Amino acid sequence: MATGATHGERQRPSFSLKERLEARSLATPFKAKLAAVYVLITIVLLLLFAYFEFDTAFMAEWLPYIAGGVPLTLIICVGGIILATALAVFGALGRLSKNPLAQGVANFYVSFIRGTPLLVQIFFVYFALPQLAFKEQTPTFLQPFLVYDITFAAILALGVNYGAYMSEIFRAGIQSVGYGQIEAAHALGMSAGQTTRRVVLPQAVRNIIPPTGNEFIAMLKDSSLVGLAGATELFYRAQSTGKAESRAYETLAVAALIYWGLTSIFSFFQKRLENKMGRGYVRELASHGH
Amino acid sequence: MRRTRLLALVSMLLLVVATACGGETTAGGGGSGGGGNDSGQAGKEGNDLLAVIKEKGVLTASTDAAYPPQSSRNSQGELEGFDIDVTNEIAKRLGVEVEYETPPFDAIVSGSWSSRWDLSVGSVTITPERQAVLMFTTPYYYTPASIAVHESNSDIQDIENDLDGATIGSCTACSYEDYLKGSLELTTGPVESVIDDSEIKIYDTDSTAIQDLALGDGVRTDAVISALPTLEQAIRDDVAIKIAGDPLFYEPLGVAIDKSAPEDPKAFFEEVDRIIKEMHSDGTLTEFSKKWYEGTDLTKKA
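The listed protein sequences derive, respectively, from chains A and B.
For the first sequence, position 19 matches number 19 in the working numbering, and the numbering has no gaps at all.
For the second sequence, position 223 matches number 1223 in the working numbering, and the numbering has no gaps at all.
There are no misleading hints in this set.
So, partial list: chain B residues that the calculated Cβ filter (under 8 Å) puts toward chain A:
hint, residue
1, Gly1077
2, Ser1112
3, Thr1208
Read the hints as simulated data drawn from the structure, not as lab findings.
Source: prediction; values computed, not measured.
Every residue, glycine too, gets a C-beta built ideally from N, C-alpha and C.
Excised from the complex, chain A in its bound form (with noise of 0.2 Å):
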């Protein structure tokens, strides 16, 4: 026994730095190595802040004014997802239908749209729109529909251009409801529209809401594009601002903090929307506990 235990005296001293780094790091739970990592990025941070002398009371003044921003830049993108979801559930049934009509217009518009850049149709709708409007060709009851402000015209063509993408999202989640469920429901009497209402839609609806939440938080950064027009959402405001105060780092920069924070709250509550809306697809959720 004596001996085995000065083997295992000797033995011990043996283990090379790398090993026992190693075995030091297992016995590390995960979850701290992660939050070493991010407590390490926030010091390089603002040390990096520190270093270039970011003005903090210039931040601080500004701060307000350029957050100011934020409900505009809420409305415009509330206002753009629910016109791209109406929008998409046409095109996607448009494109589901047999009827050439429907088919080829919504085949039109979601091509057209989506080949065409989304600055490209914010400048269309605010700028080229309203200059048809007075055209001698142009019947007056028209010219309301096509003169529009800033905030009206940033809703319209965001939600036509996310409508066109939202098309192809909804189609895939009609078409991912198994056709033996509509057989099943025509076997049961059903007509066509009561399966559609009855036993595609909620299935389909299932599939469709996650990756609408992810097109709303994708918004929320595109929507800075309507600031070149000259809506005063969050990216105009950090934009002019640093353009008058010759400050675009300290502007553009709490410009991003204020977008990382919006789409990080609504990252969240995707994620709970998505857990929920998928509880009936999970199966051994209790045994394997992630």
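For chain A, the structure is supplied; the task is to place chain B on it using the hints.
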């Protein structure tokens, strides 16, 4: 059953698509950017713009809010500057409130505002080209156009010779861009450029060009052409530039009103013009100029 439902859906879809993106199909032909020469007939509707503004009680003005000391926002988000003071005074004398829109400057000078704003007190240079689409009041001030270089620059002594072939920054759709191209025409006639073969670098607004210049001598641009007061304001804000040489030319700046406004702008234009003249004679404009331009009176013709 199914068919009718589909038909209803399709017609709704068509309607939505037609109203929402109906314009897009004509994108190639219709939206030729600045083109405002079309249908300059005012007063198509027979409504009077002045009456409409007074009835609403609101004057909508457009401004480029990144153009200090003429127009910029303070940290409370309030607009301030020489142009803003003039706008507010015009509204006050019209007896109405004022609201601001902040479209890009090139959208202001290209006309065809489609009644989204009523006037622009945006330091707009009066040129015959712009007069084709806009109506200008009597100039409310005169601004010298100058060249700035990076503060470390020592090569550019004589702007008439040393800047030939240089990269020079200018705001887009500005009189300065036309000047560098040699195509600037003021109401007094063509203005000949003393700078030859410059490579023009276009920016959305003057302050962006100035900040690019401040990055270093020749880093992104060799020089910037802008209004002297704007350059001087940047220097006061510790931007690393300096003025080179004497002003190149003086330009008269007027309040702009859209010629093709859907409501007849004639009476409105005359009223604003009268107010500007009144503000000249009662010293209001001089007072504003001294307030924003370090005691200089820019309201008299140079």
